[in-house]
Amino acid sequence: MSTGEGGTELTDTTQRWTRHVVAETTADDLGPPQSPRQRFWRRFRRQRPAVLALLFLLLLTAIAAFAPLLAPADPDDQNLRNVLAAPGADGYLLGTDQFGRDMLSRMLVASRISLLAAVEAVGVAVVLGVPLGLVGAYLGGRFDRWVVRLADAFMSFPPLILAVAIVAARGPGLTNAMFAVGLVTAPRLLRLVRSSVLSVREETYIEAARSIGTPAGRIIRRHVLPNVLSPLLVQLSLVAAFAMLAEATLSFLGLGVVPPQASWGSMLQEGARFVSLAPHLVVLPGVAIALTVLAFNVLGDGLRDSLGREIRSGR
Amino acid sequence: MLQLVVRRLAAMVPLLFLVSLIVFGLVLLVPGDPAITIAGENATQAQIEATRERLGLNDSLLEQYWRWASHAVQGDLGTSMFSNRSVSGAIAERFPATVSLTAVAIVMALLISVPAAVAAATSRGRWLDRFATVGTSVGVAMPNFWLGLLLATALALNLRLLPATGYVPLDDDPVAWLAHLLLPGFTLGLAAAAELTRQLRSSLIDVFDQDYLRTARAKGLRTTSVIAKHALKNAATPVVTVLGMRISVLLGGTVVVEQIFGIPGLGQLAITAVLQRDLPMVQGVVVVTAVMVMLANLAVDLSYGYLNPKVRAQ
Amino acid sequence: NTEATGSASGGAGSTFRFAYSVGPSRYDPHRASSSFDNASLFPVYDRLVHLTTAAEPVPGLATGWQYTDGGKRLVFELRPGVRFHDGTPFDAAAAKANLDRARTLQGSTVASELKAVERVDVLGPMTVSLALTAPDSSLIGVFSDRAGMMVSPAAFDDPQLDLRPVGAGPYQIVSYSPNDRVVLRRFPGYWDPAAQRVETMAIVIQPDTTTRMNALRAGEVDAALLAGNQVAEARQYDLGVVGDVTLAFYHLQLNRTRAEFGDIRVRRALNHAIDRDAIIHGVLFGNGKPAAQPFPPGYYAHDPDLPDPYSYDPPKARQLLAEAGLAGGFEFEAIVPNTDPGTAVAVQEQLADIGVRMKIREVSSGEAADLFYGRQQGDAMVAPWGGRADPIQTLGLLYTSKGFSNPGGHTAPELEQLIGQARRTIDPAARTELLHQIDRMVLDQALDVPVVFADTNYGHAARVTDLRSWLSNKPEFRGVGAAGTGR
Amino acid sequence: MSVLQVSDLDVRFATDRGWVTVVEGVSFAVEAGSTLGLVGESGSGKTVTSLAMLGLLPPRTSRVPRGSIRLDGTELVGMPQKRLADIRGNDIAMIFQEPMSSLNPAFTIGDQIAETVRRHRKVSRKAAMERAVAALDQVGIPNAASRARSYPHEFSGGMRQRAMIAMAICCEPKVLVADEPTTALDVTIQAQMLDLLRQMRDELGMGMVFITHDLGVVADICDRVVVMYAGQVVAADDVDHLFSHPPHPYAEGLLAAMPQVGGAEWLATIPGQAPTPGAVPDGCRFHPRCPYAADRCAAGAPELRLFDRHRATRCVRSDELLLRGPA
Amino acid sequence: MTALLEVEDLSVSFPLQRGLFRRGARLRAVDGVSFEVAAGEILGLVGESGSGKSTTGRALMRLVEPDSGAVRLRGTELTALGGRELRRHRRHIQMVFQDPYSSLDPSMVVAESVGEPLEVHEGLRGKVRDERVRDLLVRVGLSPRHLERYPYEFSGGQRQRLAIARALAVDPDVVICDEAVSALDVSTQNQIINLLEELRAELGTSYLFISHDLSVVRQLAQRVAVMYLGRLVEEGPSQRLYAHPAHPYTEALLSAVPVPNPGVQRRRERIVLPGDPPDPTDPPGGCTFHPRCPYAMDVCRSVVPEPTPVDGGGTVRCHLHTSGPVLAGGSVLELRAAESGAATDTGS
Ligand SMILES: Nc1ncnc2c1ncn2[C@@H]1O[C@H](COP(=O)(O)OP(=O)(O)OP(=O)(O)O)[C@@H](O)[C@H]1O
Ligand SMILES: Nc1ncnc2c1ncn2[C@@H]1O[C@H](COP(=O)(O)OP(=O)(O)OP(=O)(O)O)[C@@H](O)[C@H]1O
Ligand SMILES: [Mg+2]
Ligand SMILES: [Mg+2]
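Chain order of the listed sequences is A, B, C, D and E. First residue of the first sequence: 313, per this note's numbering; consecutive thereafter. First residue of the second sequence: 27, per this note's numbering; consecutive thereafter. First residue of the third sequence: 83, per this note's numbering; consecutive thereafter. First residue of the fourth sequence: -6, per this note's numbering; consecutive thereafter. First residue of the fifth sequence: 262, per this note's numbering; consecutive thereafter.
Chain A extracted, bound-state conformation (with noise of 0.2 Å):
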């Protein structure tokens, strides 16, 4: 260390304290490195109903995988002579439906097809937003002036109105629905990437990363992209769940997926014509539907409290 030779001496007070060293933290005083992923699990894990959410999850994609196996009868064979049998009548666990299909079979069955709806809706949503709300609100200008407008004319109609038109348009099925269902999440989608991107790109480390000479493209892969990750994973989730409730409801209304193909909002919307002669017709699958939409949402809360920012404090 130079010393302030070529400056007014010092004083002795001065002298003492800067003589003084105490180790500085070191390394190895941080403890073992944790990446964010680490940090994240470690966080995650204290959120119960978030795991809960998660497990519930990986269990019903476990399920929808291996649903004909695990059926105990084929979803689709029907006993027009058992109809509307109980839960627990005649061996059949969770009853038979209108048709006298196995319920539990069909209920396993119908999962595939509202998960495959949900992550269809999100691929739809995430291809249109992410990218162009992304580079969009980055680089700024009159394209992505345009893209805000266009966003905000579909944001514009209320999502299940546009997606009914839509589907009257493009006809039922679960392609057409489900793309629907993607093109109304898409611009919420590419707002909450925009807004995001916004705010990260305020951030001084943006700016720093600006004045190295730090290229455009680079900025966006390497420092904004990372950092809006975890609002966007928080509101794939949301996505999802209202995926689930719209795949639904438009089954609901008969726009969805087309028989013998079941989904849980199929099922309710082709059960609620028994609702009285037999309620678990209508009850299996809501209860299904609002499980799956309530794990979706308790998991993104999880996330979203786990990714939450950096408290700032030093440690």
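Don't take each hint at face value.
[Unchecked claim] As a list, the in silico DSS-like pairs of lysine-lysine whose alpha-carbon atoms are at most 30 Å apart:
| id | chain 1 | residue 1 | chain 2 | residue 2 |
| --- | --- | --- | --- | --- |
| 1 | B | Lys255 | D | Lys119 |
| 2 | D | Lys75 | B | Lys259 |
| 3 | C | Lys197 | C | Lys154 |
| 4 | D | Lys119 | B | Lys336 |
| 5 | C | Lys154 | C | Lys178 |
| 6 | B | Lys255 | D | Lys167 |
| 7 | B | Lys259 | D | Lys115 |
| 8 | C | Lys371 | C | Lys398 |
| 9 | C | Lys398 | C | Lys441 |
| 10 | D | Lys119 | B | Lys259 |
| 11 | B | Lys336 | B | Lys255 |
| 12 | D | Lys167 | D | Lys75 |
| 13 | D | Lys115 | D | Lys75 |
| 14 | B | Lys255 | D | Lys75 |
| 15 | B | Lys259 | B | Lys336 |
| 16 | D | Lys167 | D | Lys119 |
| 17 | D | Lys115 | B | Lys255 |
If you are wondering where the hints come from, they were derived from the structure by calculation, not from laboratory data.
We have chain A already, so just place chains B, C, D and E with the ligands on it with the hints.
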């Protein structure tokens, strides 16, 4: 303030143009030929062709758009392909029911969410809060048509507490109006109530951490007035934003709720029109609901001015 | 269970509210396009010919009719003293004006039914005569439907006709909001007061069956169209139910020029593969009858002596397929309207049993006919055939080479010739005999795969009397009574 | 006679790691008409102590297990919130660091001041507003009557802080607690604010607790100083004596780190970092960073030793050390 | 000393969007600022909040586009460069920001953050890069084993060291420190200041040290420039400027900083400037300081003062030096001394 309104309205113009393009674009998505449907069950090829001609379906797209848009601007949304009535007239007729339903839903959502959020936020982390959190999650997750079915069965049919179907105009009989809208309003509003509760709770908690709330307490104000005056007004801004976004979801939800409760509103009109492939009607409903959403957003924007004087200044 | 009987006073203030699934497409009968419209049209518009509940023609605004000229002229005697709701008298001139309007109006949906009419002549104040290009026995039936409805000539050019219809029916319009409700009031000068036992009537439109049931249960309507599964439920809540088969039947309608349907063995196999009783039991909750012929039992066009050759017999079906070289089955696409896919789903599963894979393409109900008939898409369609006022119409549309509802135009020459002959045969007994022959031939050729005649059921509150089931499937509320005013 | 007497105050907070003592054994007294400075590094417990004096600690996550706070003879610890609320803003008032965020953006300045008056004085709405305008005038806001109708965002930082002061003095409290009231302000505005606070203190004869990081400000406005470290009072002294003869090594370190007029090129620093609550070292909490530390410093926790009514230290070696301040 | 960085007549403005009909108005954040930084020199830039210090710094980096003026680094006109060229030149001029908590990307480990300039400018990757980053860490007083750590694991002072390491990674000629120590505790502040001084001595890097804290600037800077409302009001060697301020604003600013010595501070005569800094969107005419200036004259209200040389080095923009009492390069303190002799009421 006036300037703000003018500016907002001006900003709506390009938006309306895009909206009209999208709505018109819906026609392009249609695979079928509406003329066949309209010409009737026993129509001949010539009749179908005549129908096409009559409906102007043989003109160029640009011409068709221009015809549609220029009329739409004057409040004429065309004629129903199916029933030959004016789309604007049909919508005007359905409008009050849907607005009533949405309004009742919003009011119910607020009546539920404000006390619930205040209770949850003030008892943060305790059982009341947990209860509210779980409640809101469930509320958001519940498919509203499902809820509607269950409610209609339980409250209207079994207990006979409220009417199960139908709508009575407000000026005919305000009590019956409300009675008919309570169940569907609740069905429609529950998800909104849940989401508003969530949002209000978290923004209240944010506000509780604000310095000015500490100031209010440091002045010796009682907790009730700290919450009712200082916290709620400030916490309202994000809530109003959510409410604004919710309005479009609510309007969409009428599609199902009106169906279940037999309310002759825009949602039902939309569904019927869709099933009848009555495109002018579909277009009309979509445009009108989009304009309603825009106006709702305008109202939301203006309310920011009240809630946050800073906005008013700009 | 065909009739709710009893007597009720039709005093002032008595009301009858009926919940139906769809509203009229429009209130101009000559432009209205759907057979569901009739329920709403009937109270307002009277028509030349009425139908009995068994769908047999009886006098209406025409007190009698007669074919002359070897069937090339049809003469109607009109009912005297009838007035339209606007006071315009109904006479031969008015009838001619209406008939001409129906034939020539731009956008007329009934003109094709009146193709045979060449000219309408007024023979006397109460007599009109129709000059025909060829004998057409279906006209009587046709005039019992929208083509025979009389609109007040004063209202012909009223642009508001679709909202404020003016007819000569037992009820006149009070208010109409499309797809919501029609409110009607008793028309004082109606010629048949027995048809007007309630003071006011409302037709409430509720597309959703559960909602209709809820409205009925909650007392918000007095009667409602029910789905089969709701019959038991309605009884459970002490509601009356009337219901019976109608002309409507579900069929797996084939485009016989597509897929493997040109082969009669395949068509027979399909017929053998359908377990009609199971469908009636499971899908219709017992409320229906198996269909083999295109007309229901109890209708004069139905041949009661004709045995059903297509018993449920999957092995036979498989064998027939094998004979046709299709032991491995085949696949086809069926268009299905999304309003009520239940039968289609059951059919799909039963066909799967014999290795035939039916892919369902669900479309909105408005689109189904357009796609299958108009643009000839899809190999088949599973949908209800709505029935027509005259059996010849049904046969002509479904089974002749030019029939609009026979995509592909496949037919059998003898069959076509027989249908033509029946059309020209005026004598009812001879005509019925020909119709029976046609039934036999349709069955033998397995031109169609009829599935079931589903009952049409109406639930009603106890205070409602004389609500009847109509074989035509177009409910009329003539003579319906309602004690008190309901809730 | 002290208008405010804090003795042996502990404050604990509920954290992830259980209840943690954040303030421990804090004692000091404030005389009417004089200013007590509270200094210490970030996180040393200054704000917590001041919040405790107003009963503003978060109710469920904090606890005052020990100690007493007497305001003009009235014990505040353990007083029910309802009665505390009557005292807050009336007998003891507080102003905060961020004038930006301490005022409610949704209400006018006048409204917010008048609200305080109405809460504690039985006066009409109109009279309260008049009092508010008078208070704004008193703190040097020009055109007070019309400015009272402004919203906080229409005020500059300095004016906001003036408004905060007006709000604090409008009921003529006996004690004013100022938590870093000038840290967020520019130096020229800070100078205005210090003059104003001094003036108000003298006019109203208030006792003032002034919390700051800036020893320059301490030198300017304080009569006596209490130095806090890691939740404890480590030194107390009157201001002149503290600057010339710091009673505790930490106080000396703080003083040495101040940039001096014509000072050296090389700046003194206090090495290491302050401990976080719940992880304080054994013995003297400062000893790991202290250049004077001896073995016994690590042994037992030192007591706060009083030299006289005003002077105290928590250093076991204070007698043997000759500590020097800049003054 | 030859000038390494020359700034000439730099002006930056931001668009103000207010109301539907008042578009086009602009806020002049920086207005005709000129100064030079010599090699190995630290120039302090001080001024109150909103005076345009940060904007000046950002304009030098071309993080905001200047309206006019020139910035020359070793004679290269930076303001004329574009795109790729500009990015290449950015390595010569680097920046350290105020907030240590947000200037490091929370999703990147130290090796990536600090190594980013190396990747961008020298294409270094992997082990080679890490090696260089290790050296840098050691140079700024951190453990070389911190490589795989995330920013949140560090204290504020340590993060600021990381930011400095990043700025130094590609051996820049000039480092702009924008309030680089303002967010830190005094003691930590001192550590960073010591570090910067050390690095300057070692590497000969020049610094533009932006701060609102006069005492901090005095510690570090050889020369100091004072900004008020977007304009440079005074500039000169720090010895001279602190001892003999030539501008009334500099005088007031110095006087407002409390001296950490109760005896001195209490006795000291202080100038408390009345009022607030003016609204930058609507600056007063003439000398922008005149509404608060204790010596304001008529000319100050209308005429913008030109730079005048000051005795002992530097320039000042004040009419007192050209008209009125004519200080002509002397210190304003003289004026006060003269005045307090006559009437003793100039203070608060
Ligand atoms: N609500 C709380 N819950 C838990 N810990 C808290 C809470 N409030 C403060 N603390 C802790 O108490 C300690 C003292 O905080 P305090 O705010 O009093 O410090 P300070 O001296 O005012 O610091 P500064 O100068 O930064 O304002 C800190 O370590 C802080 O983390
Ligand atoms: N991006 C921007 N858009 C509009 N105005 C801006 C922008 N950046 C700065 N300003 C304005 O320019 C003026 C100068 O700001 P600048 O940040 O340069 O001041 P500063 O001296 O750095 O202040 P501080 O000490 O608060 O950091 C201020 O009035 C500020 O409001
Ligand atoms: Mg503090
Ligand atoms: Mg700045």
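Structure-based check of all given hints:
1. Only pairs whose Cα atoms come within 30 Å are accepted, and Lys255/B paired with Lys119/D is accepted, the gap being roughly 19 Å.
2. Among the hinted pairs, Lys75/D with Lys259/B is consistent with the structure: their alpha-carbon atoms are about 24 Å apart, no more than 30 Å.
3. With a CA separation close to 13 Å, the supplied pair Lys197/C and Lys154/C stays within the 30 Å bound.
4. Between Lys119/D and Lys336/B the alpha-carbon distance is near 26 Å, which keeps this suggested pair within the 30 Å criterion.
5. For the suggested pair Lys154/C and Lys178/C, the alpha carbons sit about 17 Å apart, so the restraint of at most 30 Å is met.
6. Between Lys255/B and Lys167/D the alpha-carbon distance is near 27 Å, which keeps this suggested pair within the 30 Å criterion.
7. Only pairs whose Cα atoms come within 30 Å are accepted, and Lys259/B paired with Lys115/D is accepted, the gap being roughly 26 Å.
8. This hinted pair checks out: Lys371/C and Lys398/C have alpha carbons roughly 23 Å apart, not beyond 30 Å.
9. Note on Lys398/C and Lys441/C: the hinted pairing holds, with a Cα-Cα distance of about 23 Å set against a maximum of 30 Å.
10. A distance of roughly 23 Å separates the Cα atoms of Lys119/D and Lys259/B; the hinted pair therefore holds under the 30 Å criterion.
11. Of the supplied pair hints, the one linking Lys336/B and Lys255/B holds, its CA atoms being roughly 18 Å apart against a limit of 30 Å.
12. For the proposed pair Lys167/D and Lys75/D, the alpha carbon gap of about 19 Å is at most 30 Å, so the pair holds.
13. A hinted pair counts as satisfied when its Cα atoms are at most 30 Å apart, and Lys115/D with Lys75/D qualifies at roughly 17 Å.
14. Note on Lys255/B and Lys75/D: the hinted pairing holds, with a Cα-Cα distance of about 18 Å set against a maximum of 30 Å.
15. The hinted pair formed by Lys259/B and Lys336/B meets the criterion: a straight-line CA distance of about 14 Å does not exceed 30 Å.
16. Taken as a hint, the Lys167/D and Lys119/D pair is honoured in the structure, with Cα atoms around 25 Å apart against an allowance of 30 Å.
17. The straight-line distance between the Cα atoms of Lys115/D and Lys255/B is roughly 20 Å, inside the 30 Å bound, and the hint therefore holds.
Hint check: no violations occur; every hint is consistent with the structure.
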